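The listed protein sequences correspond, in order, to chains A and B. Once you know that position 24 of the first sequence is 84 in this note's numbering, the rest is easy, because the numbers rise by one and skip nothing. Once you know that position 23 of the second sequence is 12 in this note's numbering, the rest is easy, because the numbers rise by one and skip nothing.
Because the hints were derived from the structure by calculation, they are not lab data. Do not rely on the hints blindly, as some may be mistaken.
Straight-line Cα separation of at most 27 Å, DSS-like style, residue types lysine-lysine; simulated pairs [unchecked claim]:
hint, chain 1, residue 1, chain 2, residue 2
1, B, LYS166, A, LYS67
2, A, LYS135, B, LYS333
3, B, LYS183, B, LYS418
4, B, LYS183, A, LYS132
5, A, LYS132, A, LYS67
6, A, LYS64, B, LYS166
7, B, LYS259, A, LYS67
8, A, LYS64, B, LYS418
9, B, LYS259, B, LYS333
10, A, LYS135, A, LYS67
To spell it out: a stretch of chain A is covered by chain B in this simulated footprint if at least three of its residues, at any positions, have a beta carbon under 8 Å from a beta carbon of chain B; those stretches are [what the hints assert, rightly or not]:
hint, segment
11, 91 to 105
12, 108 to 120
13, 123 to 136
Remember, predicted model here, so these are calculated numbers, not experimental data. Each residue gets a CB set at the ideal place from its N, CA and C atoms; glycine is no exception.
Residues per chain, in single letters:
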Amino acid sequence: MNHKMIKVLQISSLAYIWIFVIAVDVWIFSLLFVAKKLDDAINASVAIGLIAIPLFIAIASILTYVFFGLQKYAKPEEKANVL
Amino acid sequence: MDKSTMENSNEDLDLFRSIEYTGNGFYWTVGFLIFVIAFGLYGYFHQVLYGLGVTGMAQPISWGFYIVNFVFFIGISHAGTLISAILRLSQAEWRRPITRMAEIITAIVLAIGGLHPILDLGQPGRMWNLVTNGRLQSPLLWDVTSITAYFAASTVYLYLPMIPDIAILRDRGVKPKWLYQFLSWNWQDTPEQKRVLERAINILMIMVIPIAVSVHTVISYIFAMTIQPGWHSTIFGPYFVAGAIFSGIAALMIAMIAFRKIFHLERYLKLIHFQYLSTLLLIMSIIWFYFTFSEYLTTFYGNEPDEMRVFNYKFIGDFAPYFWLMVFCNFAVPVIILSFKKTKTIPGILVVSFSVLIGMWLERLIIVVPSLANPRLEYPVGIYIPTITEWGLFAAGVAIFILGFLMFAKYFPLISIWEIREGRESSIKEVAHRLQSYMPDTYEEDELERALK
């Protein structure tokens, strides 16, 4: 498999992780709206949402930071090979 | 590969053995495990087809093996990331050959444990209701959220420290090459790359500890937030967390002893590592006993009729053999074997670890079933006898765990190669420097003179 293909796979896998995180956050948001609509202890739901949503974003952000950090600081000749 | 890389690779040849050499035993074991998993799956399809009637669960006992195993497996998952993060954070140098295995346990066991509530639902399609109509204020939803977060964080925490090792395998030309190229993320071992990776690992290791603690606390809330006798307890959160770490360490040591033997890792996993971990196990055993004693003493002293029915059911009733066996396995065996240097050997530690796993599984059973068997309503006392379907799925869960571990060992090193090398190269100097910093400061010459005056 050539370097370009591998690069595409790496970026796609990172994108999938973000899709997963966004999906979880959208799900939590939707449950917040359900709680609001039913007037069903919305405060408790907001508290859970406030913890969970940033947490998932933080995990995905760390992965993204590492991925781009490793690409940025790779040896120049290797970078040229890959990009 | 340059000369120094080659020398380093040869020095740690043992760590590549599981990846570069596959014996017949591997295929036989995988075949057997697949057979056990297939048997479990057959049982599951049978259950989907005929409903939960094929299990031993019936009113009033509506939670059985699946929830017991859910709590048990999630508990074991605490071995990994939590222990690894604590050891890294406290800069315990003896952690180096241990952390990877601990992290693998978390990732695999969380995946297995997390699926158990779906088994308990009967029809898996009911999961969709959770997506559309879940109630975030319910502890069940807290569980879903915290387990998902813990799984995501643990997988990332397993993967990031693996990147330099994956790059070593890539440079060594291990097949499939594309896999190692794909996963190594262009790692070239430059100082800047190291800095980026270390920063990310440091952030994660701080993040992971509260997540791990929250997971088992939230699992305890499934029980404690109800007013069921035997469940409604304020200490259930820390009690569950302590139990989880306890069973987790036991599972970790079994895995370490097994893979040490199979892949001849005696040079890396030494008696001292097991002795340190077993001291931790002994401490956890005493903490577990303290929590258990506190939990039941307050119930006994309160003498509330509904609570006492459950209490007596466990102490002198139908569940008494399981209860006392649990106390024997979780307290008597660890204290007797691990308190004496003569018995604190690897075989002794293995016996204790198995004993603790059995004891902790019984503890989960004793928490879940007796409270449901003795409800407040006018039901006759419930009887729960698990069926072959439930046993089959339990066996399949254990088989998936072993298979997951074996497959991991086939493609990745079970011991972190770069951390071992880093330990060899810089730890002794660093530890000496650290020790010096613990010592009282000495006076400079002029300061000494002034002090004497």
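Evaluation of the provided hints:
Proposed proximity of B/LYS166 and A/LYS67 is supported: the alpha carbons are some 14 Å apart, at most 27 Å. Our distance criterion of 27 Å between C-alpha atoms is broken by A/LYS135 and B/LYS333, whose separation comes to about 49 Å. With a CA separation close to 19 Å, the supplied pair B/LYS183 and B/LYS418 stays within the 27 Å bound. For the given pair, B/LYS183 sits about 12 Å from A/LYS132 by alpha-carbon distance, which is consistent with the 27 Å threshold.
Simply put, A/LYS132 and A/LYS67 have alpha-carbon atoms about 14 Å apart, close enough for the 27 Å limit, and the pair holds. Between A/LYS64 and B/LYS166, the direct Cα distance comes to roughly 14 Å. Compliance with the 27 Å bound is thereby established for this hinted pair. Between B/LYS259 and A/LYS67, the direct Cα distance comes to roughly 40 Å. Violation of the 27 Å bound is thereby established for this hinted pair. Only pairs whose Cα atoms come within 27 Å are accepted, and A/LYS64 paired with B/LYS418 is rejected, the gap being roughly 42 Å.
Taking the CA atoms of B/LYS259 and B/LYS333, the gap is near 13 Å; set against the 27 Å cutoff, the hint holds. Under the criterion of a C-alpha separation no larger than 27 Å, the hint pairing A/LYS135 with A/LYS67 is consistent with the structure, at around 16 Å. For the segment 91 to 105 of chain A, the proposed coverage by chain B is satisfied: 8 residues have a C-beta within less than 8 Å of a C-beta in that chain, meeting the threshold of three. For the segment 108 to 120 of chain A, the stated coverage by chain B holds: 7 residues have a C-beta nearer than 8 Å to a C-beta of that chain, and at least 3 were required.
With 11 residues carrying a beta carbon less than 8 Å from a beta carbon of chain B, the segment 123 to 136 of chain A meets the three-residue requirement, and the given coverage holds.
Hints 2, 7 and 8 from the list above are not met by this structure, while the remaining hints are.
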